[in-house]
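Trainee: Each chain, letter by letter, is given below.
There are 2 protein chains.
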Amino acid sequence: MAGCYAVFAWEIMVKKYKKTDGVSYALGATVTMELLNRRGEYARCVYVSPKSDVDAVTEKAKTLGVPVVASEKAFNILSPKENCFVIGEFEKFDAKICGERNHIVLVNPSNSGNLGTIIRDVAAFDSVDLVVIRPSADPFDPKTVRASMGAVFGINFELFDSFEAYAEKYGKREILPFMLDGLPFAERDFAKDKKYALVFGNEATGLPREFSRYGGVKIEQSDKADSLNLATAVAIALYKISIQTR
Amino acid sequence: MAGCYAVFAWEIMVKKYKKTDGVSYALGATVTMELLNRRGEYARCVYVSPKSDVDAVTEKAKTLGVPVVASEKAFNILSPKENCFVIGEFEKFDAKICGERNHIVLVNPSNSGNLGTIIRDVAAFDSVDLVVIRPSADPFDPKTVRASMGAVFGINFELFDSFEAYAEKYGKREILPFMLDGLPFAERDFAKDKKYALVFGNEATGLPREFSRYGGVKIEQSDKADSLNLATAVAIALYKISIQTR
Numbered sequence: 000m001a002g003c004y005a006v007f008a009w010e011i012m013v014k015k016y017k018k019t020d021g022v023s024y025a026l027g028a029t030v031t032m033e034l035l036n037r038r039g040e041y042a043r044c045v046y047v048s049p050k051s052d053v054d055a056v057t058e059k060a061k062t063l064g065v066p067v068v069a070s071e072k073a074f075n076i077l078s079p080k081e082n083c084f085v086i087g088e089f090e091k092f093d094a095k096i097c098g099e100r101n102h103i104v105l106v107n108p109s110n111s112g113n114l115g116t117i118i119r120d121v122a123a124f125d126s127v128d129l130v131v132i133r134p135s136a137d138p139f140d141p142k143t144v145r146a147s148m149g150a151v152f153g154i155n156f157e158l159f160d161s162f163e164a165y166a167e168k169y170g171k172r173e174i175l176p177f178m179l180d181g182l183p184f185a186e187r188d189f190a191k192d193k194k195y196a197l198v199f200g201n202e203a204t205g206l207p208r209e210f211s212r213y214g215g216v217k218i219e220q221s222d223k224a225d226s227l228n229l230a231t232a233v234a235i236a237l238y239k240i241s242i243q244t245r
Numbered sequence: 000m001a002g003c004y005a006v007f008a009w010e011i012m013v014k015k016y017k018k019t020d021g022v023s024y025a026l027g028a029t030v031t032m033e034l035l036n037r038r039g040e041y042a043r044c045v046y047v048s049p050k051s052d053v054d055a056v057t058e059k060a061k062t063l064g065v066p067v068v069a070s071e072k073a074f075n076i077l078s079p080k081e082n083c084f085v086i087g088e089f090e091k092f093d094a095k096i097c098g099e100r101n102h103i104v105l106v107n108p109s110n111s112g113n114l115g116t117i118i119r120d121v122a123a124f125d126s127v128d129l130v131v132i133r134p135s136a137d138p139f140d141p142k143t144v145r146a147s148m149g150a151v152f153g154i155n156f157e158l159f160d161s162f163e164a165y166a167e168k169y170g171k172r173e174i175l176p177f178m179l180d181g182l183p184f185a186e187r188d189f190a191k192d193k194k195y196a197l198v199f200g201n202e203a204t205g206l207p208r209e210f211s212r213y214g215g216v217k218i219e220q221s222d223k224a225d226s227l228n229l230a231t232a233v234a235i236a237l238y239k240i241s242i243q244t245r
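In order, the protein sequence lines correspond to chains A and B.
For the first sequence, the residue numbers in numbering that gives the first Met the number 0 are 0 to 245.
For the second sequence, the residue numbers in numbering that gives the first Met the number 0 are 0 to 245.
Note that these hints are calculated values from the structure, not bench results.
Backbone N, C-alpha and C define an ideal beta-carbon position, used for all residues, glycine too.
Just so you know, nobody snuck in bad clues.
With a Cα cut of at most 27 angstroms, we get these calculated DSSO-like pairs of lysine-lysine:
#1 A:Lys191 <-> B:Lys217
#2 A:Lys61 <-> A:Lys72
#3 A:Lys142 <-> B:Lys142
#4 B:Lys191 <-> A:Lys217
Just some of the chain B residues that point at chain A, by a computed CB distance under 8 angstroms:
#5 Thr116
#6 Arg119
#7 Asp120
#8 Phe124
#9 Ala185
#10 Gln220
#11 Thr231
#12 Ile242
On the chain B side, residues computed to face chain A include the following (Cβ under 10 angstroms):
#13 Gly112
#14 Ala123
#15 Asp125
#16 Met148
#17 Pro183
#18 Ile218
#19 Ser221
#20 Asp222
#21 Ser226
#22 Leu227
#23 Asn228
#24 Ala230
#25 Gln243
Start from the sequences, fold in the hints, and give me the full structure.
Mentor: In structure tokens:
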């Protein structure tokens, strides 16, 4: 009954996610399937709730040699309230960006749901890489992973400790900050043969004033709403640059 | 000590929100402030947590003659887990749309967070009215109200029991469904002197096939992500129609 021992051994290793952990978790069958399909080499284990019926995931996990553990305990620890029947445990990985592509740069994004939605949109258009400036929400947080619908396993992204550290490595491109006092975004076009970094600030505070030395653009809106949701602003910018540079 | 009696009388009326209720709740100081500023005539009461310090809201409520009740109980019932210190109770209201504007039509949206984000975006661009086809998430659900950041108090929206009922009343306009087999959205332009209904389906199932008789457009994306988040798709469409028809 080696299987029983394996179940036991894995089970006791599950603990609530912490940012400093080397592993994280893909919550749900869809997200776990993305993990196995795109970053299968980092998958450590798949937990399956005894309540579930998720053949495609367990088949794929077996093909990759990833242990499948039937256990309710992992769900109680990691996803006590959610309607989730599969969890994929994975090692955090590097998915370095490339200098050849345009970049979306998020300076200190604080909300993991927002970050996950943005990751999903970056994957949806597949034309830019994602840069995140710390301190920030954690791309590997199970909440981010879930909000991304697993898209975090399919995109290139890189974290930096400061915007300067990013600019030093990849700054040979036009830097375009999105700021409330910027020029109208609708009048701004993108060229195929140039490279851009579209820079967005924190959800509550926006970008620090010093970014205005790069110029800046503003997505036009009425005064009825406070300001655009970060994920909404990024989506609008992402769509335009994707269409104009494809 | 009439104030004490009032506190007691209001307190016992708070109960968990149900869709069939005639009242709902604005959770949080920002959202309650929007309620008081934009739909103050529907505000019934403002609850203030004894832990809070929210002078602007209580001042505004007093100006409008809306009772302010200091009570922890309302928070335990309506917002047990959230970091929320002000709740505004309001009567549901009509905010009928107008035939002169373009419309965003959501057919059976199911997620209140998504609906709230879309309401916020509709307010942000202030160029369209919102139509929701039932069954759907509830625009007055406190979760929707909160996700809208109070924008639900500033937009025009109307619910219909079927798309046909909507089309009968407001269908003298171009109906443009967003469908996965539609024509490229980037090649689609909007005229100032025409009226449009941009129609979006449910988050999981999209629009029923019969909508393809109206033609249809698709927001171009890569195959890396499943499909665009509903709120993202609406934001992209909303931005384009707002810019081109202003």
